[in-house]
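Quick note, the sequences are listed as chains E and X, same order.
So the first sequence is numbered by this note's numbering: it starts at 1 and just counts up by one.
So the second sequence is numbered by this note's numbering: it starts at 1 and just counts up by one.
Just so you know, the hints here were simulated from the structure itself, not pulled from any lab data.
Zero decoy hints are in this set.
Calculated cross-link-like contacts (lysine-lysine; reagent style DSS-like; alpha-carbon spacing at most 27 Å):
| hint | chain 1 | residue 1 | chain 2 | residue 2 |
| --- | --- | --- | --- | --- |
| 1 | X | K477 | X | K391 |
| 2 | E | K22 | X | K391 |
| 3 | E | K650 | E | K622 |
| 4 | E | K487 | X | K139 |
| 5 | E | K622 | X | K139 |
| 6 | X | K146 | E | K22 |
| 7 | E | K622 | E | K723 |
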Amino acid sequence: MTIIDDAPVRTVPEGLTAPTVKVLTDRCAGCQECVVRCPAQALSMDVDTWTVATASELCVGCRQCERTCPFAAIQVSGSPLVEERQQVHIVHPEQVEGDRSETRLGFTSWAEALAEAARCLSCPDPTCVRGCPAHNDIPGFVAAVADGDLDTAHRILSRTTVMPDVCSRVCDQAVQCEGACTWSLAGGTPVAIGAIERFITDNAPVPPLGQDSNVGAGLSVAVVGAGPAGIGAAATLVKAGASVTVFERDAEPGGLLGWGIPEFTLPKAVSDRPWVTLTEAGVELRCNEGVDAAGVERLRQEYDAVVLAHGAGTPIRMRVPGADLEGVEDATAFLHEGREALASGTVPDSLAPRTAADGTTRPATVLVLGAGNTAMDVARIARRLGALPVCVDWLDRKYAPVRPDELAEAEDEGVEVRFSSTLDHLEGEDGRVARAVLLTTTQESASSLPTPQPGSGQSLDVDLVVMAMGYRLDADLTAHVPAAPLKRQATGVPDRRWIGSGLLAAPAPPAARGRPIGTLALGREVALSAAILPEEERVWAAGDALVGPSTVVEAMAQGRRAAFGILERQPRRPGRGNGAGDRPVGLRVVVATESRSGTTERIGGEIAAGLVAQGATVRQVKLADLGAADLLATDLLVIGSWVEGLVVAKVGPAPAARRALAELPGLAGLPVALFCTYGINPRRTLDTMADAIVAKGGRVVGSAAFGRKPNHAPRTVAKAWAKEVSSPVAVG
Amino acid sequence: MTLLEDHEQTRSTADPIPVAVHLRPPHREGIVEHFAPSDLPSGWDVARHPRVARILHNRRLQFALILPNQIVFWAVIFLGFLGTAVPGLNFGTAITWYVWFCLVFVMMVVVGRAWCAMCPFGGFGEWIQRRALWQRAQKTLGLGRKVPEPIARYGFITSVGAFLLLTWIEEFFNIAGPGNPMATSFMVIGIVSSALLFFLVFERRSFCRYICPLSGLIGSVGSMGSVAGFRTRDRNTCLTCTTKDCMRGGTDGYGCPWYTWPGSADSNTSCGLCTECYKSCPSDNIGLYLQKPLNSVVAPVRRRADVAWVVAILWGLVIFQQFNALTVYSNFEGWLNRVTHFPHYPNPIAYTGIIALVAAAVGGVAWVISRAFFRPGTELGLAPDSFVARKSRFRAYFLPIAYGVIPVVGADYFARQLPKFFKHATRVVPAVGSFIGHGSTSSAIYKFHILTDPRIVIAQVVVIGLGTLAALWTTHKITNRELAPISRSTAAMRISVMAVPLLFGVAAAWMYVLMQAAS
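Start from the sequences and build out the full structure, keeping to the hints where you can.
The structure is reproduced here in structure tokens:
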């Protein structure tokens with residue numbers, strides 16, 4: 001047995017049961033998945049039996065081993081040995097009306113930050129990193145804080161995020177990084193990752209964006225939208241030396257960072273900071289320049305690539321009788337108006353106190369439809385403008401996706417929140433809304449829709465109704481994003497590295513409010529993977545424009561991923577070289593084959609050799625393994641399959657090839673050459689393959705069928721294909 | 001290296017997760033020595049041949065193996081109820097008791113878990129559990145629970161317990177006699193339904209690994225077989241593999257249903273030959289290895305206490321089955337049944353008592369040898385405190401001795417099946433003929449015996465003799481490697497240890513002669 005000499009010594013806080021770890025030696029296969037991941041070095045190998053040996057005295061009860069063991073051969077009992085979490089400071093304004101000061105302050109001393117950083121186990125396979133939509137290296141920056149080195153912490157953060165100051169304030173960490181913290185997965189209280197990240201940015205300014213490579217030199221990219229997704233894309237591109245122009249329809253950049261999130265959550269200095277940094281780095285910002293569908297076409301002609309990061313700006317409206325009365329507005333309008341009023345110290349007429357016939361005044365009552373985070377922002381602004389907000393949401397309180405701290409703060413400030421309640425209709429007087437009739441609802445489970453109870457009508461006198469139920473995509477631009485709104489739902493076998501990390505083994509940790517943390521994270525990964533590939537030829541999409549309403553951090557991460565896609569593919573607008581011609585190496589080709597006996601693979605190899613002879617860089621892969629990464633830095637995709645079927649019936653591409661073609665991501669105009677190998681007659685095999693490619697948005701540039709006695713040499717065919725793709729207008 | 005340098009050295013990539021992952025290096029010390037005796041040269045890997053590889057990659061392979069047996073065993077069930085009540089003429093009883101049981105033994109001695117790869121009971125449960133006949137489906141049916149630790153910690157012991165129970169039921173109701181064909185149907189239904197229940201409650205092949213009555217028997221006696229199972233081609237690739245698709249399941253294959261990792265498999269005991277690991281490995285790093293006969297008995301460095309006790313208990317059972325044919329047992333059990341008011345053979349007290357006594361005697365012999373020859377001060381090494389892996393002076397001798405006698409125990413079970421096979425295997429032909437009204441108990445083939453007594457006894461003694469020789473060889477090899485280094489008076493120790501398989505063989509052969517005399 002090998003116990004590591006430098007293993008840390010654990011302490012058992014009072015009131016906790018020391019954990020013990022037990023290996024089921026019958027089932028333990030000695031694969032060491034737990035050994036390589038144990039943060040406490042409590043596991044080693046017993047060489048005699050080649051099973052895992054345990055040192056319970058080192059175990060801290062994080063149960064990473066339990067979650068990671070493929071055969072459930074290890075069990076931990078006892079408490080997670082973690083100190084109590086440092087609480088962040090919340091300010092409750094004495095006088096809410098007119099107050100714009102930040103209510104959540106984070107850690108205010110190094111002592112707090114260091115104590116919290118000490119709770120981090122620095123897991124070898126940190127699940128928090130997978131839980132973070134941007135995949136920040138959380139153990140890395142936490143360790144830097146523990147070392148007192150905020151510069152290093154910033155350097156680590158800057159690899160994955162351009163807005164740590166913003167994200168640490170607005171992220172719902174409980175269902176992201178903190179929900180995925182190993183302590184959380186073990187049933188304990190997670191490390192306050194958001195508060196530590198914020199501590200870094202509070203105590204050391206986010207550094208300027210320095211150019212760190214030349215990969216994007218010569219590229220000119222148009223970004224539509226200056227919100228989080230646009231910020232992520234622009235920052236990544238400009239750091240790589242690309243020329244970036246951002247088009248924003250509003251007068252100020254930032255998207256919802258500017259108008260959507262109130263100052264008491266995200267102070268103006270913080271929400272403005274990303275654009276200050278970006279413009280200093282050389283990003284050209286053009287405000288008041290909205291881009292419509294035709295504008296995208298124009299941008300595509302003028303720029304090498306376009307990133308659609310225009311968000312989902314159309315508010316969802318509830319269609320109930322009375323919804324068109326005066327005094328019914330959407331959250332966007334209210335947030336714009338409310339933000340300006342708060343800043344200028346005025347109160348809009350719609351929120352002004354009402355004077356009754358007897359001369360008494362009362363505050364205006366604002367009915368906020370919805371009780372999500374936007375609704376909370378609306379209600380809290382209304383409260384600060386002197387009104388009495390009432391939020392109604394048809395979901396049950398325990399299933400509502402609102403941040404608990406935000407809800408608590410709102411209620412503390414005097415916002416009335418009615419869950420299990422929905423609007424039946426609105427009644428007006430003189431064309432203006434005056435009353436709302438509400439129905440109670442019941443909801444059986446988180447996944448079921450609430451049911452309104454007929455006859456449960458309750459009348460509420462209202463002066464203003466704000467619909468804050470969320471947003472949907474602008475219909476105009478979705479034509480350029482065929483995948484939108486992309487479902488953030490993983491299908492098939494999850495990446496085994498994700499299973500191995502143990503994140504998926506704890507479907508609903510308590511700290512994540514019972515939300516399936518691994519499923520959510522995997523779903524976000526679907527969007528990240530999609531963002532790297534273009535939606536159309538030289539058009540990428542990110543953020544809400546791609547997935548519909550999501551979060552700031554997801555949008556930023558997707559924007560970055562789209563930028564990586566552009567840097568990898570190096571697209572060229574028409575007339576600025578054909579890509580192959582002005583690149584020091586020739587065409588970048590991927591040859592993907594589905595082979596049974598080896599013949600197709602061999603022919604694929606000969607085609608590859610032919611392309612290499614034409615100066616191309618070629619990689620040959622199995623068709624089933626062809627992934628998004630293979631399609632990225634590729635100018636030509638060659639796909640080959642054997643032909644299955646009887647001589648006349650059911651002749652077509654091999655079943656595995658059909659499956660692989662159906663599962664290909666969008667090809668967005670990528671040139672594709674097809675070939676098949678057959679015994680007697682290929683019949684319509686190549687046509688079937690071509691149809692599948694066209695359905696994915698690919699452009700078929702050539703095809704060839706190779707029989708037992710090839711009537712044309714693969715090398716000759718390869719030469720023709722290379723010539724076809726190298727023609728000036730070919731490369732996307 | 002500082003934290004920052006560590007980061008700076010990693011190229012900026014679109015996927016930043018790997019940058020944050022710092023898995024500890026896997027333990028490698030001693031790995032070569034541990035697996036060297038059981039690792040096989042690449043020449044023994046039949047999956048290197050493209051045709052074999054293609055067959056193994058085919059998802060329909062196991063389905064094709066299971067389907068014929070599935071048909072046969074559903075026929076057994078239906079014919080037990082609907083077919084002739086004459087056991088010898090009923091296809092269900094004829095195929096089950098005259099041929100199948102004997103074939104299973106041949107397969108386990110020659111191959112290993114060949115039967116498990118085609119077993120219709122596990123196969124049926126698995127189809128339902130996976131909701132697929134051969135496809136790699138993503139969603140499973142059932143609760144997917146893990147086998148509770150109190151059962152799992154005893155490894156194959158539960159399985160051999162189930163085997164004892166089933167054997168007792170079979171003897172009590174005279175199912176394998178064969179008796180009423182309906183009894184065979186009920187037995188098969190019982191196995192199928194309990195398998196299905198376990199497949200719906202527990203994940204993977206938990207039933208096969210822990211509960212199936214034949215699993216312990218095939219796992220131990222099958223280690224004589226010449227198929228080593230699916231093993232890693234390059235252990236280093238497995239050690240550094242970050243996905244472990246062979247255990248967790250990949251796009252093309254399920255995770256190992258038998259809780260076996262090809263990267264550490266050192267015997268064929270827990271390889272169900274289902275090919276899933278081979279299909280799912282993303283690195284094409286798994287081979288199907290053949291091995292010399294008895295290799296999985298001799299080679300593994302890791303000895304498992306559950307396997308050793310399974311061998312001792314199985315020996316107890318087969319000795320009981322021989323002993324009960326002698327007059328002395330009949331007299332004893334007659335007396336016991338009168339005292340305990342038990343209706344007829346087999347009296348459970350006598351049954352469990354004799355088996356326990358024999359198994360304990362095997363342990364006792366090992367204990368005596370350990371006391372006599374263990375060299376004081378010898379380090380046994382540390383091991384996890386568990387039933388399967390715990391180490392002690394007694395176990396240091398008992399486990400090698402028990403592994404060593406596997407061939408003679410296996411031979412004895414095989415010899416037990418020979419009379420029915422030699423006398424009645426041909427009855428399968430009229431039993432099949434009886435479907436179409438051509439089978440008859442008066443037909444020549446029905447009455448034909450491949451061998452008759454006393455030739456059968458000679459065959460049994462020959463089988464026992466071969467088993468004993470094999471056991472002497474395995475015991476000799478194991479003694480050299482495992483017992484000699486920890487013993488004093490090695491010559492005397494060798495004689496004592498080698499006497500065990502010899503005694504086993506002589507006892508078994510002698511009893512066959514006595515059984516013949518008694519009948």
